[in-house]
Amino acid sequence: MYRYVPPVQSRTRTRQFAFVTIAAFALIGIDVLSHGGIREKLVPVAAAVHAGIQNTGAAISEIGIFTSRTSLVSENVALREENARYKSLALSAEALRAENEALARMAHLSGTRPGVTATIAGGESSLGTFLVSAGSRDGVAMGDLVRTDNGFVIGTVIEVHDTVSFCRSLFAPNTSIDVVINGTHIALEGRGAGNARGKVLPSVAISDGDVATAASVRGYPIAIVGHIDADASDGFKEVYVRSPADISTIRYVYIERP
Amino acid sequence: MKVSRVVRAITGMGALLAALMGYGGALLICILIDTALSAWEIVFFALLFDFLWAAPLGIYSLPWYTIGTLALLWAFEPVRRELLS
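Top to bottom, those sequences are chains A and B.
Residues in the first sequence are numbered consecutively from 1, following our numbering.
Residues in the second sequence are numbered consecutively from 1001, following our numbering.
Simulated from the structure, these hints should not be mistaken for lab results.
Don't take every hint at face value.
Claimed, not checked - Selected chain B positions facing chain A (Cβ under 7 Å, derived; list incomplete):
{"no.": "1", "residue": "LEU1020"}
{"no.": "2", "residue": "SER1038"}
{"no.": "3", "residue": "TRP1040"}
{"no.": "4", "residue": "VAL1043"}
{"no.": "5", "residue": "LEU1047"}
{"no.": "6", "residue": "PHE1051"}
{"no.": "7", "residue": "LEU1052"}
{"no.": "8", "residue": "LEU1073"}
Said to hold, decoys possible - From the structure, some residues in chain B lie toward chain A, with a derived Cβ separation under 8 Å:
{"no.": "9", "residue": "MET1021"}
{"no.": "10", "residue": "LEU1048"}
{"no.": "11", "residue": "ALA1055"}
{"no.": "12", "residue": "ARG1081"}
What you are looking at is a predicted structure, and each value in this text was computed from that prediction instead of being measured.
Where a beta carbon is used, it is the ideal one built from N, C-alpha and C, also for glycine.
If we strip away everything but chain A, and leave its shape as in the complex, we get (with noise of 0.2 Å):
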């Protein structure tokens, strides 16, 4: 009668499939019966291979090494953005840069005329009156000058309070004031927003970028010739003039006493 024997290799192999199967249920029965004894020593463990590898991952990252098209892409984004950042502070640092140098041109203008550097509170109203945060308790007091860092005039206070004061635009509507321009007296008729006009006769020697001074603020100058309209029809020249500095923009005044 013919027995199947099989081969040494083969009988071993089946010896080894009975011990691993034998071990795989006991490991199986022990930690059931040890309410998940084993799986308690396994998991640190996985967590750590986890940790391990995320950390492995994150440094080949960083490295740049199997960088691909979308990594690439991403980071072209994040630059981008970082660089949008830098600009920004760009404009930021010049805006301050700006701003140091107004307000050392206010110390300047201190150290000749007593008075006190403040902020504009509010931009102009249509009334051609703007807000100064310097109040009484600062020595502001009605009459004071508001000048800008390049020494311009652009309003008188007329009201003060504690900690504010309203202040006048020299050119505020429906107002006028005497100027000197190039030794020529004119009456200026404020039209608001720092602007003026008026006539002058067309033989008078006038022309852009005088600068008109006032006799009513001390003869600090307060506005420059923009404009000439030698086609008036009534036989004057019309002459235009602003204030070098906006209300609306400026930050820093001085408030200066008499």
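Based on these hints, arrange chain B on the given structure of chain A.
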């Protein structure tokens, strides 16, 4: 060194990593390769996977990867003996 031993070592490491990381698909591929090579250690990697990832899902009573691996080892042993020996 036989090629089968190299493959067995590589798939063994892959199976260990897949079991620890919970990559069931990768582990299944390793199981198929190792059972073809009669690599009995794959059973323990399947058991590790069941311990770590199947038990928390509440299906510990049925460790499918371990059972499947043992079934492959035992069921295909005659085929391996005829074709691969």
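Okay, the hints, checked on the actual structure:
A distance limit of 7 Å between C-beta atoms decides the matter here; for LEU1020 (chain B) the minimum to chain A is near 4 Å, and the interface restraint holds. This hint holds: SER1038 (chain B) has a C-beta 6 Å from the nearest C-beta of chain A, less than the 7 Å allowed. Interface hint at TRP1040 (chain B): satisfied, since its Cβ lies 5 Å from the closest Cβ of chain A, which is below the 7 Å cut-off. Hint status for VAL1043 (chain B): holds, given a least beta-carbon distance of 5 Å to chain A, under 7 Å.
A hinted interface residue such as LEU1047 (chain B) counts as satisfied when its beta carbon comes closer than 7 Å to some beta carbon of chain A; here the least separation is about 5 Å, so the hint holds. This hint holds: PHE1051 (chain B) has a C-beta 5 Å from the nearest C-beta of chain A, less than the 7 Å allowed. Hint status for LEU1052 (chain B) relative to chain A: holds, with the closest Cβ pair at about 5 Å, below 7 Å. Hint status for LEU1073 (chain B): holds, given a least beta-carbon distance of 5 Å to chain A, under 7 Å.
Nearest Cβ of chain A to the Cβ of MET1021 (chain B): about 7 Å, under the 8 Å cut. The hint holds. Residue-level restraint check for LEU1048 (chain B) holds (minimum Cβ-Cβ distance to chain A is 7 Å; threshold 8 Å). Checking ALA1055 (chain B) against chain A by beta carbon gives a least distance of about 6 Å; that is within 8 Å, so the hint holds. Because the smallest distance between the Cβ of ARG1081 (chain B) and any Cβ of chain A comes to about 6 Å, under 8 Å, the interface hint for this residue holds.
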